[in-house]
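Novice: Please take these sequences and the hints and turn them into a complete structure.
Numbering (the UniProt record's numbering), first residue to last: 1 to 244.
If you are wondering where the hints come from, they were derived from the structure by calculation, not from laboratory data. The beta carbon of each residue, even a glycine, is placed where N, CA and C say it ideally should be. Keep in mind that a hint or two might mislead.
[Claimed, not checked] Simulated crosslink set (DSSO-like; lysine-lysine; CA at most 27 Å straight-line):
(1) Lys168 x Lys184
(2) Lys130 x Lys184
(3) Lys177 x Lys119
[As the list claims (entries may be wrong)] Computed spacing ranges between beta-carbons, pair by pair:
(4) Gln70 x Met2: 19 to 27 Å
(5) Lys177 x Glu41: 44 to 52 Å
(6) Glu29 x Asp127: 16 to 24 Å
(7) Tyr67 x Lys229: 17 to 25 Å
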Amino acid sequence: MMKIVSKKNPVPLHFQIKEILQEMIENEELKPGDAVPTERELCEIQGVSRMTVNKAIMSLVNEGLLYREQGKGTFVAKPKENKEIAGLKSFSEVMQDKGLKTETRILFFQIKEATKRIKSVLNLSDDNNKVFEISRLRMSEGEPVAIETVWIPHNLCSDMDRETIEGKSLYETFKNKYNYFPDKAKQTIEPIILNEDECKLLNQNENALALMFRRTTYIKGEVPIEYTKAIYRSDIYKYELVFQ
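Specialist: Structural data, given as structure tokens:
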């Protein structure tokens, strides 16, 4: 049964629909190769306009979670293969290494039940499936650079609140407040096209290109401490790999 959007919720309707579909994919209610409901069907189910549904669908297509076949419909994409790369630093640490001033604006901070995908990535049990979900706008020299959403196991930092991380690096918070020392991460990078909301937050033109980073960070004992999805502007951010 598909969740229904709330018109009382201040979150835009197209973003709510995107989140509903993404959660269905992560929970494997929609599996790779499955057709998603047509735009007309989604309009009827959700009671919204065709334009609203189209924005939600195109956002997921641009992120590579869905794909379209002309005359056939829209389908769930297969997960992309991952390639491991070296290096483990937070955004703040990378910018500080370059001598740049950073700023972080918290867009939202909430505690919620993890989706099936997040549970799997963070190795959570059914009894311990709560996570912190934190979305932040990362800035460098006053210019928006990235939108970062992080999921952290609630049981590892149960007393954490918005004030705990306000103006601080998450990695520094892990180390200084909770005595957790990130020592390994797995990360993927892929190109995407920004949706309307992302363009506004990152001060970009419509359909601008960006880089999406997905990172799972571990502490000693291969314990996952965070899963991050970060969208970086491709016009001012590049990723350098050094092979020896």
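Novice: Any hints this thing doesn't respect? Which numbers, in order?
Specialist: none
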